[in-house]
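Novice: Please put together the full structure from these sequences, using the hints given.
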Amino acid sequence: MITSAHNEAVVTTPHRTLAVQIIGVGGAGITLVELMRQGEPSGADFAVVDTDARSLAVSGARKKVHLEIPHPRGLGGGNDPDRGRALAEEQFSKLKALFTGADMVFVLAGLGGGAGTGIGPVVARAAKEAGALTLGFVAMPFDCEGRHRQRLALQGLTQFKAAADGAICLPNQKLCKLIDENTSVLETFKIINEFLVTGVFGVWRLLRHRGVIEIPFAELTALLQDRHTECALAIAEAIGPTRSREVMDKLLAHPLLDGGQVLVEAETVWVNLTGGPDLSMADINRVMGQINEQCERAQVIMGATVDETFKDRLAITLVAARKHPECDAWTKTAPNFGEPDQPRLSPLTGERSGSRFASVAPVLTPEQVAQLPARQGSGALRQRKSASRMRQAQLPLEIVSKGRFDKSEPTVHKGEDLDVPTYIRQGVPLN
Amino acid sequence: MFNRSSIIVGLEIGTSKVCAVVGDLAADDALNIVGLGQARSRGVRKGEIVDVAVAEEDVRCAIVEAEKMADVEIRSVYLGVTGSHLQGFNNRGVYPVASADREITADDVQDVIRSAKTINLPAENHTLHAIRQHFFVDGQDGIPDPVGMLGSRLEVDVHVVHGNRNRLQNAIRTVKGLQLEVDDIVFNGLAASLALLTSEQKELGSLVIDLGGGTADYAVCANGIIKHTGVLAVGGDHVSNDLAYGLKVSLSRAEQLKIEHGSSFVTPDDKGQSLTLPNEHGLPHKTVNLEHLRRIMSLRLEEIFRLIGQDLEQADVLDYLRAGVFLCGGGAHIPRITQLAEQVFQVPAFLGQTNSISGLKSALNQPEFATAIGLVKFGSFQQRKSGDKSSWANSFKNTLSQLFRCL
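Going down the list, the sequences are from chains Y and G. With the working numbering applied, the first sequence covers 68 to 498. With the working numbering applied, the second sequence covers 4 to 410.
Please note: incorrect hints may appear among the correct ones.
[Said to hold, decoys possible] Okay, derived cross-link-like pairs now, DMTMM-like style, lysine to aspartate or glutamate, Cα gap no bigger than 20 Å in a straight line:
no., chain 1, residue 1, chain 2, residue 2
1, Y, LYS244, Y, GLU261
2, G, LYS251, Y, ASP473
3, G, LYS274, G, GLU294
4, Y, LYS481, G, GLU206
5, Y, LYS244, Y, ASP325
6, G, LYS71, G, ASP141
7, Y, LYS481, Y, GLU363
8, Y, LYS481, G, GLU316
9, Y, LYS130, Y, ASP149
10, Y, LYS317, Y, GLU212
11, G, LYS179, G, GLU70
12, Y, LYS474, G, ASP54
13, Y, LYS481, G, ASP319
14, Y, LYS481, G, GLU294
[As the list claims (entries may be wrong)] Beta-carbon label-pair distances, calculated as ranges:
no., chain 1, residue 1, chain 2, residue 2, range
15, Y, GLU334, G, HIS129, 54 to 60 Å
16, G, HIS129, Y, ARG492, 53 to 59 Å
17, Y, LYS317, G, ARG176, 39 to 45 Å
18, G, GLN276, Y, GLU360, 38 to 44 Å
19, Y, VAL495, G, ARG43, 29 to 35 Å
20, G, THR290, Y, MET348, 45 to 51 Å
21, G, GLN143, Y, GLU286, 50 to 56 Å
22, Y, GLY356, G, THR290, 46 to 52 Å
23, G, LYS71, Y, ASN359, 55 to 61 Å
[Unchecked claim] Where chain Y lies over chain G, by a calculated footprint (3+ residues, C-beta under 8 Å):
no., region
24, 135 to 142
25, 234 to 241
Hints were generated in silico from the structure; no laboratory data involved. All residues carry an ideal CB built from backbone N, CA and C; glycine is no exception.
Specialist: Next comes the structure, spelled out in structure tokens:
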């Protein structure tokens, strides 16, 4: 824990305030930026980028960049990420100029459409090249928006991860679990927007500290920079005398943490506790004890903030970062993502070669590639199957056969399956 | 020749073997082991029966062999059980002494024990043991027997071992299917500690680990009482499975390699050494790296000890282990396993000796029989007790800890 000497040192050191730039990309990004501006306008600089002149006009952000598309008369990117990307690449220097002097950039975007998916990653890259620590906050589309959008969004997310230091993924569909299903559409959107904004604020609070126990920016930078992680964000709040216990229950039940699985797999976890002046050390200990128990492998960084308005309340913001093994490969081959027409083929062959059991997919001529979807059969069921299989291929784990324990009840100890050989779980190489 | 009450049989249906031990309780209360039967077990995974028909056959083989050797007919057994569903915890009962002169009577003791045993368990759970620990009289700690003392408030701690009723029933039904009675079911870790520990070791504080095929059962004794028990559903099978996976050999070959070449440590001499495995014609077929074999094995074994250590730490009993760690079960045959245990627990470790029993000495002084012998010993306490007192409902189980101490 932090000693008092350390604490004093922290207090006496004069701080340069962190220059935070929040940039909204595309329609969804702009909406979020607007909401944020209403929420807490101090200390951050807002900017928006879009291809749609009308939505830009609505925004009250200080900096606006309009990427003009020649033919759809300034009305959006026509749901074509490639076009958006190309436009953004053209104006790369202009985008980069937006970020001069920023220490930290949050890129807010909704994936699945034209602007957010195409321009977002380029903006993130520009921010990173300008020397800022870049975090992407990306909202994934609802399942009902269709598979095409999902696929675009997944591609966009991969590109975001490759471009930014970290991408915090906020799947709208999972957030729906937080909301009563009979809520009206407007209400649902409002709640989700609010969640996203609270999420960004939470992370922002995490960085702007003003806390009793603070998270040094340098440490965070060291942990995040060039890691290209995928992060999960969870926020929980509880009121009352048993708040420290309740808040943990709520946090662990959070849909974005997948029943605690995310914590087990995380490699870095930042936690910020916000409480009122009555925040006790016992509360912090209890909460952190449980979190540490949940994520044994992760490096846990904690911060605590005291907020006068939080009397009797306790809020936790938790960001769990996990590195995908394939990310390295993505960063190296970054700019060359598959065309949206045949995404199923290009990423899948890349994944497959990693398997030791399935042979590498044969090299096909373009004509054969074109024939392939037709040969897969026209049945809807069949198609859905292949789509889900593609998503499953993104799991970072190699499936280890459990041999004779395959059919017996697994021995699980703190989230670890003890039936899997120890040397594999501990990552001991046998050369 | 023998009357029924003097024959006590302990039956352990383990993951790798079924073992029946026949004991003869002589008139002078000396326990003598007269028979032993064992069979390979095929219907058990992680200590629990998964194939009743096969398990029944294996139990029959073991029982028949034991009957032949002891020349008795076995009618009832004390059955050892284990499995990941078993859990142990401590519970305290409180009872205000009601009598006018504040003298604690035997009835008060019964009442306080009853109150300690009323535990809020899920309906499908069955309490296997409720072992009495020490009494407290008006907060005074460490009283073995409060009868006759004065006090107004009597408390007692019991160690409760409980498990899923249906899963316990599976083992009982298997035995009953062979027209055998089950006198009682006993947790294997407890039986092993009964067999291995002398009263001095129990007083001083010791940990017994039964490294079985499917599970590692453990029990901690200190100050003459059972402090903690637990089951880790990881055992020798896991070692074999790891080897089969890591060295890419068949499971039976992995088992053989484990027995012939296994070790708890990787020594510098193992580097670069390899073993040649013959195929069915005796010709060289495959080579296996000895270093890898031992590394896979030592990592797994170390993890088992470490997880047990973590559990003990959580239960705050790690500091009681002054007499050390005692190992039994098939896993105790692994070379230098005591050294590994010493390294992990930071206390001396020994192979458990079942020397507090007479009879068939050389055959029985093997670590894998410790649990079955412990079952016989458990049975002998029950029998002596029921011989002593006419009402055996009284004697039932609650006196185990007392007997435990007077070993």
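Novice: Tell me if the straight-line CA distance from LYS251 of chain G to ASP473 of chain Y falls inside 20 Å.
Specialist: Judged against 20 Å, a Cα distance of about 17 Å means the pair holds.
Novice: Does the hinted range 54 to 60 Å hold for GLU334 of chain Y and HIS129 of chain G at CB?
Specialist: Because 42 Å falls outside the window, the suggested range is violated.
Novice: Could you check the hint for me, namely that LYS317 of chain Y and ARG176 of chain G are 39 to 45 Å apart, CB to CB?
Specialist: Since LYS317 of chain Y and ARG176 of chain G have Cβ atoms about 44 Å apart, the given range 39 to 45 Å holds.
Novice: Quickly compare the C-alpha distance for LYS481 of chain Y and GLU363 of chain Y to 20 Å and report which way the hint goes.
Specialist: OK: LYS481 of chain Y and GLU363 of chain Y at ~9 Å, within 20 Å.
Novice: Next pair to validate is LYS130 of chain Y with ASP149 of chain Y; report whether the Cα-Cα distance is within 20 Å.
Specialist: violated, 24 Å
Novice: Measuring from beta carbon to beta carbon, are LYS71 of chain G and ASN359 of chain Y in 55 to 61 Å?
Specialist: holds, 58 Å
Novice: Using the Cβ atoms, figure out if THR290 of chain G sits within 45 to 51 Å of MET348 of chain Y.
Specialist: Check failed, 59 Å falls outside 45 to 51 Å.
Novice: With a cut-off of 20 Å on the C-alpha distance, tell me whether LYS244 of chain Y and GLU261 of chain Y pass.
Specialist: holds, 15 Å
Novice: Counting residues of the region 135 to 142 of chain G with a beta carbon closer than 8 Å to any beta carbon of chain Y, are there 3 or more?
Specialist: Per the Cβ count (0), the hint is violated.
Novice: Within 20 Å, alpha carbon to alpha carbon, are LYS481 of chain Y and GLU206 of chain G?
Specialist: violated, 33 Å
Novice: If you look at each residue in the region 234 to 241 of chain G, do at least three have a Cβ nearer than 8 Å to any Cβ of chain Y?
Specialist: holds (count 5)
Novice: Check whether the Cα positions of LYS481 of chain Y and ASP319 of chain G lie no farther apart than 20 Å.
Specialist: This hinted pair holds, its Cα atoms lying about 19 Å apart.
Taken one by one, the earlier hints fail for this structure at numbers 4, 6, 9, 10, 14, 15, 16, 20 and 24, listed in ascending order.
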